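**Q** One line per chain: the protein sequences are A and B, in this order. Mapping the first sequence onto the numbering used here, position 232 (from 1) lands on 212, and the numbers just tick up by one. Mapping the second sequence onto the numbering used here, position 177 (from 1) lands on 1155, and the numbers just tick up by one.
One or more of the hints may lead you astray.
[Claimed, not checked] Pairwise CB distance ranges (calculated):
id, chain 1, residue 1, chain 2, residue 2, range
1, B, E1041, A, N114, 30 to 36 Å
2, B, G1131, A, G286, 55 to 61 Å
3, A, K270, B, E1142, 21 to 27 Å
4, A, T162, B, G1068, 53 to 59 Å
5, A, V171, B, H1189, 50 to 56 Å
Everything labelled a hint here was simulated from the structure, so no lab data went into it. Computed from a predicted structure; not experimentally measured. Cβ atoms here follow ideal geometry from the backbone N, Cα and C, with glycine treated the same way.
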Amino acid sequence: MNNIGVLMTCPMLEYLEKQLEARFKLFKAWNLSSSKPDFFKKHSNSIKAVVGDTTVGADAALIDSLPNLEIVASYSVGLDKIDLEKCKEKGINVTNTPDVLTDDVADLCIGLALAVLRKICVCDQFVKSGNWINGDLGLASKFSGKSVGIVGLGRIGSAIAKRSEAFNCHISYHSRSEKPNTNYKYYSNIVDLAANCQILIVACALTEETHHIVNRKVIDALGPKGILINIGRGAHVDEPELVSALLEGRLGGAGLDVFENEPDVPEELLALENVVLVPHVGSDTEETSKAMADLVISNLEAHFKGEALLTPVT
Amino acid sequence: MESIGVLMACPMNPYLEQELDKRFTLHRFWKVPDKSTFLTSHSNSIRAVVGNASAGADSQMIEALPKLEIVASFSVGLDKIDLAKCKEKGIRVTNTPDVLTEDVADLAIGLMLAVLRKLCESDRYVRSGKWKIGNYSLTTKFTGKRVGIIGLGRIGMAIAKRAEAFSCPISYHSRTEKPEIKYKYYPSVVELAANCDILVVACSLTEETRHIINRKVIDALGAKGVLINIGRGPHVDEPELVSALVERRLGGAGLDVFEHEPEVPEELFGLDNVVLLPHVGSGTVETRKAMADLVLGNLEAHFLKKPLLTPVV
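Excised from the complex, chain B in its bound form:
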């Protein structure tokens, strides 16, 4: 398979890069000085694109690569891939579900605990020597708080399972009610927000879910409510979120994703009720290796004409 051209959209994982280099003719898109010339001159040899949450395969790229057969995403999210175009052209698409479910759910709970119990703030308090002068202020209990989950897919369910162990009543909103699920369903996000203490975004990003967290939802969640986003930045109207936090109309937020990563609104930096992470939902040694192996497994299966491991299209 060494002559098969594979285009890697951006740096994502050294192990994956190495393995792709070994098995295929790997082109690193971020090292290319003139991207459009590159696409034109390699249009006949590139048969696969490997993307991730930052860079995928948009309509323009797909059109520029007539021999493209498969887009293998190093992510479970597909918002950076023009799925309709892939379907139209018979291009296969794979992602990395399941292997990262636990890590993302763990991080969601970690964010909840960090925000409510002010873990990072109190760690900073100790490191700055302030404990010698006085005790840290009281925080908020996590156990028993009502958790509202938007999107009850693999990740949403894993978050629910964990939160239940903390005696958190679980409710959710999704496109349709799931009759086999015992959690309370709310037909609108605003109603869900009004009836929970911690609102978690765990759905996929589509045109419908863009800015699903808007001013109305934030108002419903309220001055004692906490927003946790482990989905995608564009799920949230970021300027609205920032002013709600700065004006104390929202109780707190734990955010792993932002609208324009790696840029993060600076107004959030000084807030003690906000925890900000650099999109590390699946960022563990164990999980990134498993994701990389899944990308490689899917590519090999495709080129060996075997069934894809985790096809989306």
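Excised from the complex, chain A in its bound form:
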């Protein structure tokens, strides 16, 4: 398969790059040997696969510029950076990396909730700056037993629910439709969910419908004692509304792994003690990154061998 052209859209993982280089003719979009127009003139016909991620995927423009594109293999579970309509239209296969990252993202979610409520990062900073000698910090908030509301009860949402249950948290959720096989309380309206939980977690896919699903109304319903945890996509949340709610004390706190304009994070958040901010690390562990990369490679190999894709997106 060494003459099959594969375009990687941005740096993701060195291991993945090396694996792709070993098996295909790899082109790195961030490191082209010539200008972009020259590059496409020379190579666009030979590129049969695109490997994208949450930062740079495959939009309409890219798809249109690659006439022999057969497959887009995303190094992510989220598909918001891929023009799925266009792929369907042109019969281009799309694969992602579900399941292998579910645990890591759910773990991070619980980690963020604990870090916000128990002020773990504030405390760590307090000790490491030598301030404990001068007196204790104030009290934090208990996590166990709090009510948890999950937006999106897919693989990741369910994994979060399972973990939260071990902390005796009451679980409720909102999704497009009620799920038949769960005991968790369903709310058909996200504002009602927010009004009835203390920790609201965004764990759904980003689509046109879920853009800014966490808006002013939802934030108001969650309230000054409520905590928002976002391990979905930055665009799930109306970020300016979130920032003013936190600054004005209308929202109790937030744990955020994603932002509307990564890697930019609203400056006003940087000084707040009731927020924990992490740089989109939901699946960024050694173990999971390798598993995701292996899944990307396996999907590509399966496609070019004419075998069944491992994790196709339908």
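With chain A fixed as given, assemble chain B onto it according to the hints.
**A** Showing chain B alone in chain A's frame:
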């Protein structure tokens, strides 16, 4: 009960102080300029001592207070109380079990996640603006890691229950094997350490468990192992722990307690695989109130000659 003298060993909780003030004649030991004179002059009126994890009732204090009837600890740990002396003199002792179990277990899991996923480091990374220059490095997955627990009491069991939800295989060491428990038992701490990825100290501090985490245990846990201490500082040989971390012979540590609180070895401050907390295991608004109410409840029960709520001796 207003004439009953109660000695509070150190500042611990404003609500508790207030309530004790209302119900008894409260003496704040930390405000006393000359402690031994004070004890002598009040030796006949002090009938109760309220202590905590920092200051309790040692042999000297007990001897100085002949009318002492009860020591009510604002903690579940009893290592600062001379239990043998209390028993000998018929002094009752109460603590605050159960109400703080969940908070301490939550913090243990929080520490594990914070250490493995480098939560505090990556939060600092964002706040310093470094994310604009590049992504943070890869960390370590928590789900599925083997968790070894020393001490399978209330807190140890609560930690196990939580870790199980993350598919962590659980093993433990305690003074005796618990036949009704399905977790794997190891008869020695070194064997437990050699067979787990995350070792948690959750037993009480006694003469036997002092420095239960020593060089041998640390070596067995190894360069990929993580130590979590939500017990007491003296459970761990702190200098050994520090050199193991600095020399990278131990993979990481999450510590809520230290041998000489509030002093913490400065060599740990710059390490990115270490999370350090200022003894906040039970430090939530909800739990400290519940602990305070339990202290008050025990004292009232005692002086009203009713059964104690949570007696130890």
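**Q** Tell me, in ascending order, the numbers of any earlier hints that this structure violates.
**A** none
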